[in-house]
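Construct the complete structure from the given sequences, taking the supplied hints into account.
Sequential numbering of the sequence shown, starting at 110, is according to our numbering.
Treat the hints with care, as some may be off.
Mimicking BS3-like on lysine-lysine, the simulated pairs with C-alpha atoms at most 27 Å apart in a straight line are [to be verified]:
#1 307 x 233
#2 195 x 180
#3 289 x 273
#4 288 x 307
#5 195 x 242
#6 132 x 346
#7 346 x 195
#8 307 x 242
#9 195 x 233
#10 273 x 242
#11 288 x 273
#12 346 x 233
#13 132 x 180
#14 132 x 233
#15 346 x 273
#16 195 x 132
#17 346 x 242
Ranges between beta-carbon positions, derived for each pair [to be verified]:
#18 151 x 304: 16 to 24 Å
#19 179 x 278: 33 to 41 Å
#20 318 x 179: 40 to 48 Å
#21 181 x 267: 40 to 48 Å
#22 199 x 349: 40 to 48 Å
#23 289 x 136: 55 to 63 Å
#24 192 x 298: 36 to 44 Å
#25 343 x 133: 21 to 29 Å
#26 258 x 124: 13 to 21 Å
#27 343 x 318: 32 to 40 Å
#28 286 x 224: 30 to 38 Å
#29 188 x 278: 20 to 28 Å
#30 131 x 179: 31 to 39 Å
#31 295 x 349: 25 to 33 Å
I should point out that these hints are in silico values taken from the structure, not numbers from a laboratory. Every residue gets a Cβ at the ideal spot worked out from N, C-alpha and C, and that includes glycine.
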Amino acid sequence: MNMNPTEYGFAESFDGIILNVQKHPSGTRLITVFTLQAGRVRVFASGGGRKRKNGNPFFQFARIAFEARRKDNTYTMGEYECRNAKALMNLDWNTYAYTQILAEIVTSLFPEGERDEEVYQLLKAYAETIDYKDVRTATIIAGWQLIASAGFFPDIDRLFVYRKGRLANGLRRFFLSDKKEDGLLPERLSPSLLNQWKSVCTYTWRDEPLRLTAGALQYLEEFLYSYTVQCSERELKSLSALTFS
110 MNMNPTEYGF AESFDGIILN VQKHPSGTRL ITVFTLQAGR VRVFASGGGR KRKNGNPFFQ
170 FARIAFEARR KDNTYTMGEY ECRNAKALMN LDWNTYAYTQ ILAEIVTSLF PEGERDEEVY
230 QLLKAYAETI DYKDVRTATI IAGWQLIASA GFFPDIDRLF VYRKGRLANG LRRFFLSDKK
290 EDGLLPERLS PSLLNQWKSV CTYTWRDEPL RLTAGALQYL EEFLYSYTVQ CSERELKSLS
350 ALTFS
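Following this line, the structure appears as structure tokens:
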């Protein structure tokens with residue numbers, strides 16, 4: 110890591126993917142970034158921060174290289190270069206909703222300050238993929254791979270899945286368990302669904318096709334949100350951007 114001295118100490122160099130941008134009336138932004146060097150960090154960016162060549166406004170899932178100095182648990186950004194995904198510069202509601210959901214899955218499963226190159230590379234691949242592939246499918250794939258990276262992935266071949274009402278946005282809520290629950294009837298999971306579920310988790314983000322049926326996508330989406338809530342013990346607020354009946 111390159112380090113340059115400043116009057117406050119040393120400026121560290123980071124490469125990351127932007128997860129969230131909060132704007133303040135003063136013009137300062139609080140940016141949550143998943144970095145290669147330090148995992149998830151929070152960075153204050155003032156309106157006066159210097160852009161490098163190709164420096165652009167901050168968008169969610171943009172790739173960003175920046176220098177920052179640390180104070181307590183936050184950083185203050187200096188010079189930066191930001192490369193935005195085309196899909197997020199020409200944003201539609203569907204893309205907005207699904208990228209919000211994936212960002213919240215990351216913050217639900219991974220604590221601040223824990224370096225994880227696998228997660229960084231996954232988010233980088235996701236940010237590149239949504240420029241030319243369906244954002245819903247990409248989010249479902251990335252979500253399950255994040256669960257695996259966090260160490261929560263269930264044993265699909267020995268899994269019991271139970272209905273537990275509905276999520277706040279109308280999607281079915283499920284409970285995933287490695288044992289049979291007394292008095293509850295588990296869902297019937299077809300071999301086709303199980304095979305597609307496994308293929309999602311081993312997908313490499315290259316250009317090879319991934320064939321998922323509409324029915325499997327629906328189940329995997331609902332399982333993903335339900336299981337993320339189950340593992341993190343916190344509701345996904347971003348689901349409110351998607352409304353289902």
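Violating hint indices (sorted, rising): 2, 10, 18, 22, 29 and 30
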